Amino acid sequence: FSPLGRRGNEVTLDLMMLLPGEHKTFQTELTPMQRKVVQHVAADLDFEALSHEVEGDGEGQIAITVARLQDFRAEVRATLEGLAPGERHVFDAQLTTLQRKVVHTLAAELALE
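Under my numbering, think of the first position of the sequence shown as 4, with each following residue one higher.
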């Protein structure tokens, strides 16, 4: 059981059902504390998470999307680590926001420009 309580257990079960490459969006009805629980569970599972504003009734509507991207992260890491000095790689323009986050995070971690 999760130290985050019942909601943490529910989120853990929801996210563990994701297949590699899949994502789940938790809509705007979550409280800020519930979003923190989702982010914490995602981090514990080594998933990517991103809070984002959504169009809707009123301003400040925040949703959180979580994706299971370990395989994608490993592929990107291998690609970036395999680059020779001065060599470039262009990633697919169709990457999701979370996939782009992975690419940028790894590039920064590897001190690439």
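Derived from the structure by calculation, the hints contain no laboratory data.
Note that the structure is predicted; figures quoted are calculated from it, not measured.
We put the beta carbon where it would ideally sit given N, CA and C, even for glycine.
A couple of the hints might just be wrong.
Claimed, not checked - List of simulated lysine-lysine pairs, DSS-like, C-alpha gap at most 30 angstroms:
1) Lys104 / Lys39
2) Lys104 / Lys27
3) Lys27 / Lys39
Stated by the list, open to error - Just the calculated beta-carbon pair ranges, DEER-fashion:
4) Glu116 / Gln64: 30 to 38 angstroms
5) Asn12 / Arg91: 19 to 27 angstroms
6) Met20 / Ile65: 17 to 25 angstroms
7) Leu115 / Asp17: 19 to 27 angstroms
8) Gly89 / Thr34: 26 to 34 angstroms
9) Ile65 / Ala110: 32 to 40 angstroms
10) Thr82 / His55: 34 to 42 angstroms
11) Leu115 / Val57: 43 to 51 angstroms
12) Gly89 / Gln37: 43 to 51 angstroms
13) Leu86 / Gln64: 19 to 27 angstroms
14) Arg76 / Glu56: 34 to 42 angstroms
Results for each hint:
For the hint pairing Lys104 with Lys39, the CA-to-CA distance comes to about 19 angstroms; that is within 30 angstroms, so the pair holds. For the given pair, Lys104 sits about 16 angstroms from Lys27 by alpha-carbon distance, which is consistent with the 30 angstroms threshold. This hinted pair checks out: Lys27 and Lys39 have alpha carbons roughly 15 angstroms apart, not beyond 30 angstroms. In this structure the supplied range 30 to 38 angstroms holds for Glu116 paired with Gln64, their Cβ-Cβ distance being about 35 angstroms.
Distance hint for Asn12 and Arg91: a CB-CB separation of about 44 angstroms, inconsistent with the stated range 19 to 27 angstroms. In this structure, Met20 and Ile65 meet the distance hint of 17 to 25 angstroms, their C-beta atoms being roughly 23 angstroms apart. With their beta carbons about 34 angstroms apart, Leu115 and Asp17 fall outside the hinted range of 19 to 27 angstroms. Checked against the given bound of 26 to 34 angstroms, the beta carbons of Gly89 and Thr34, roughly 48 angstroms apart, lie outside it.
Taken as a hint, the range 32 to 40 angstroms is violated for the pair Ile65 and Ala110, whose Cβ atoms sit roughly 27 angstroms apart. Distance hint check: the CB atoms of Thr82 and His55 are about 26 angstroms apart, inconsistent with the given range 34 to 42 angstroms. Range check, Leu115 to Val57: Cβ separation about 32 angstroms, and the 43 to 51 angstroms hint is violated. Separated by about 46 angstroms at the C-beta atoms, Gly89 and Gln37 satisfy the suggested range of 43 to 51 angstroms.
Distance hint for Leu86 and Gln64: a CB-CB separation of about 40 angstroms, inconsistent with the stated range 19 to 27 angstroms. For Arg76 and Glu56, the hinted distance range of 34 to 42 angstroms is not satisfied, since their beta carbons lie about 25 angstroms from each other.
Going down the numbered hints, you'll see the structure goes against 5, 7, 8, 9, 10, 11, 13 and 14, while the others check out.
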